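Chains X and F are the protein sequences, given in the same order. Per my numbering, the very first residue in the first sequence carries number 1; after that it's consecutive. Per my numbering, the very first residue in the second sequence carries number 1; after that it's consecutive.
Keep in mind that the hints were calculated from the coordinates and are not lab data. If you're wondering where the values come from, they're calculated on a predicted model, not measured in any experiment. There's no promise every hint is true.
Said to hold, decoys possible - Simulated crosslink set (SDA-like; lysine to any residue; CA at most 20 Å straight-line):
| no. | chain 1 | residue 1 | chain 2 | residue 2 |
| --- | --- | --- | --- | --- |
| 1 | X | Lys44 | F | Met324 |
| 2 | F | Lys504 | X | Glu5 |
| 3 | X | Lys44 | F | Trp381 |
| 4 | X | Lys44 | F | Lys769 |
| 5 | F | Lys769 | F | Asn513 |
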Amino acid sequence: MNDEELANNPFLVLELGATASRAEVERAGQKLLAQLAIGVSAAKSYRTPVGVRERDESKVRIALSALRDPEQRALYELWLSDVDGDRQVVPGWSGAFPSIGWRAPCTE
Amino acid sequence: MERPLYLGIDLGTTNSAACVFDGEQLQSIRTAGGETLTPSVVRIDARGNVSVGARAFRFLQKDPDNTRGEFKRLMGSKNRYRFSAANLERSPEELGAEVLMSLQKDVEAQLGIRPQRAVVAVPALFELPQIKATSEAARLAGFERIETIQEPVASALASGWSADESRGAWLVYDLGGGTFDASLLETQEGLLRIAGHDGDNFLGGRDFDLAVVDWLIARVAESSGIKILRSEPAHASAIAKLKVAAEEAKIELSRTANETTIVIEALRVGDREIDLIEQPLTRAELETISGPLIERSVRVCERLLRSQGVTQLDRIVLVGGPTMMPALRRRLEQAFGAPFGSGLDPMLLVAQGAALFAATAGIDARAAAQSAQVAKGPRLWLQYPAMTPDTSPFVVGRALDAGDGIKAVRFSRDDGEWQGEWLPLDAEGSFAGMMALKRRASSTFNVEVTLAEGRTVAANPAKITLVHGVSIGEPPLARTIGVARADDAVAVYFERGSPLPIRKTFTHRTVENVSPTADYALRVPIVQGDFPFAHLCRLVGVIEIAASALKSSLPAGSVIELTLEVDRGGALSAKAFLPAQDLVFERVEQLLAPATSPEKMSELVAGLEQRAAVLRGKAFREGARRAVAALADFEVTISSVRSDLDAARGGDQDAAEKARRALIECDGLLGDVEAANAWPELSARVYEEHTFASHWVGLYGNEQEKRALSQCMDLVERALRSRSASEIERQLRSMVRIRLSAYFRDPQSWSRSLDHAASESERATDPVKAQSLVRQGRKAEQAGNRAELERIVRELWQLYPVDQEERGLSFNSGVR
């Protein structure tokens, strides 16, 4: 998996952990879409372990669609855990989640 | 006017309807004549005057040359309708636009507002060009914006699907004038989605009428000796008269009567005339005539439930006039044992649901200027969902005029039961807050702001309304879409069922050198279908990059980035980017329904029948009951094709189009039987891939991959049981993804790939370059540089040639 695929992980786009419920996914998407519609600058970018990325409406919609489909979501959960888990794509990643205010993902 | 206005439109094959929703109540729009239905019929007289609906419908038999109906089926095709008296031609979209304009006028007459935005329902099985044509019709009618919704979703919304519906499946049985759609719906966490759909593009109320017409023709021949022929242009007006009589009789027998008499006076058949036809028809006779058609629809439903593994239905939603037939309702009750729901009008459900959806999507019918509220107070720009399944949605907003000096914003529910915190404005002047909605009701909030001097005043807008209700998932994609590669494989971009809108970009490589002076175009074929081989899928569009458009020669193996995008309405757009030359090619040639001549189609029928004969022989020898049943379906459909071709030779364009589609369906039916014959091969592939995947996931997989693989296997087993080849293909693709994810975790994986590529380096289009790459690869391997090794192996793969035969099968694709 390359950096861009990693950065486009819908969980990162929506700033959610892998355990987010369906309702939380919808709410996060709805809030971001609304913020983008009125041009809130904080909504226009997001942090990923491979750097800051731009975010637009279509990116949010694609992320929402991906997490609405249980099969696709399972794969993204898997790849998100990959980031944090045995592959260690980015050194020092373990601190990234708490730094932007999420609970640590997949601590099973 | 403070209330929002949401407009839903059902642009039907035979009848259209409109409905409005104001956030609380649904209201049907009535025509000037007081009817809730507008016949989808357009007439243009000798002076060019256009009439629509009931007024045009009266001329449908009297003056068929200047009066047209049933044009929805031809939307998105190249066909044009002639109006001979006015000497005009109109496209199906232009006629659709006339009907939409008539509905627009009725809304204005009833509510005093000319709607600018609406939601228009389209059949679940509409293909991309047809959806595009529907949007085009709305644009021609002067709508500034429309969204489309799939009809079954609209019907379910209108028949009371609610966010509280936790589990369970609903079947939407939609028997319209010309088509039959069966859709299976389910909710997950308050989100409604189509789990699956199936249908018959050639089964509708019309076919029930035609079955009665054929029966009538036989009775007339018995009593008068006059043979009325569907293939004879001179008999067209007689057939039209019989059709109307048949429909009236059918409706009468659907209500109360046990027997009716069909009376037709002065029927001209060519140069002869029959003074009077008086033919009694009993309900029992009608049921015998329509029985086979009802059975066909039940078989479609059974096939759908089987493919989704559903055994228990919670409800059946009946849509369309023909579902009033008592015999049909009895048969469905007997077959599925689920309740129908009461007090619903099967003719208006679709329009009602479309209006409810307009509320969900926040598509207010009023033009932007009209909906802006004229009020005082500091102006806020607010964004929030008008209807949502979430009881705690966010409202976000910002101050429009910095000079107002707003410090904070507060929302209070007007029933006094809930009040939010004061929300401070950030440096940009924006804020966000969570609301609390009343369950399954509409909640209005007062909006207040505090100003710099400490004063609290009402904001502009002073009130906002949010409705807690069902929200529907984005409409899913009906079929898998991908790019045909030169080796006859398909690069899948979007899986069937993916929610829309969706967009993806993949990188491909070109397969041959192209010089700007060549008379050649690089083709990127876009295909639709669930098969792993491009030639089995249907071509929906091509990006052609003409050699003359290139800045310089494009060597084989050049990078080409393709982006495919499908919007909510299903319109597909494609973009190709050549980074080396900084060129972008945009455009999809939407495929139009080709105007195939009846003669050509007759040849196709003969070919299909030969194929069927071979399959039938095999099926009987092997006692394959499923195949025999499928071939019986084929027999029924192909015989309707034959009679439609007769009518097409008599000049009936609609019958020609119907025959063309039925032929595609027949081809698909035989394809399924042939796929079933390849079943042993497919199960062998499942076994092989499963062994492969278990091996690698067992060695290098993590917990998630193990879980994903076992889940995938469960789905494959379900698909094996229901014998769904396309679902197995889909699951195989996901199994390969899981396997590769584990495989490439093996430190040796890229080294093995390099060994394999090196062993075939003499096959490469450029063996010298290949060998040099192999040497570089070995160096990277020794240095332990995995990323470099991966890059080199990928580059090596591009040097292997494409088999020309495979390329021909793959719509001459120029990429891989």
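Comparing the hints with the structure gives:
With a C-alpha separation of about 53 Å, the suggested pair Lys44(X) and Met324(F) falls outside the 20 Å cut-off, and the hint is violated. For a cut-off of 20 Å, the pair hint linking Lys504(F) to Glu5(X) stands: about 12 Å separates their Cα positions. About 18 Å separates the Cα atoms of Lys44(X) and Trp381(F), which keeps this hinted pair within 20 Å; it holds. With a C-alpha separation of about 44 Å, the suggested pairing of Lys44(X) with Lys769(F) is violated against the 20 Å cut-off.
Only pairs whose Cα atoms come within 20 Å are accepted, and Lys769(F) paired with Asn513(F) is accepted, the gap being roughly 16 Å.
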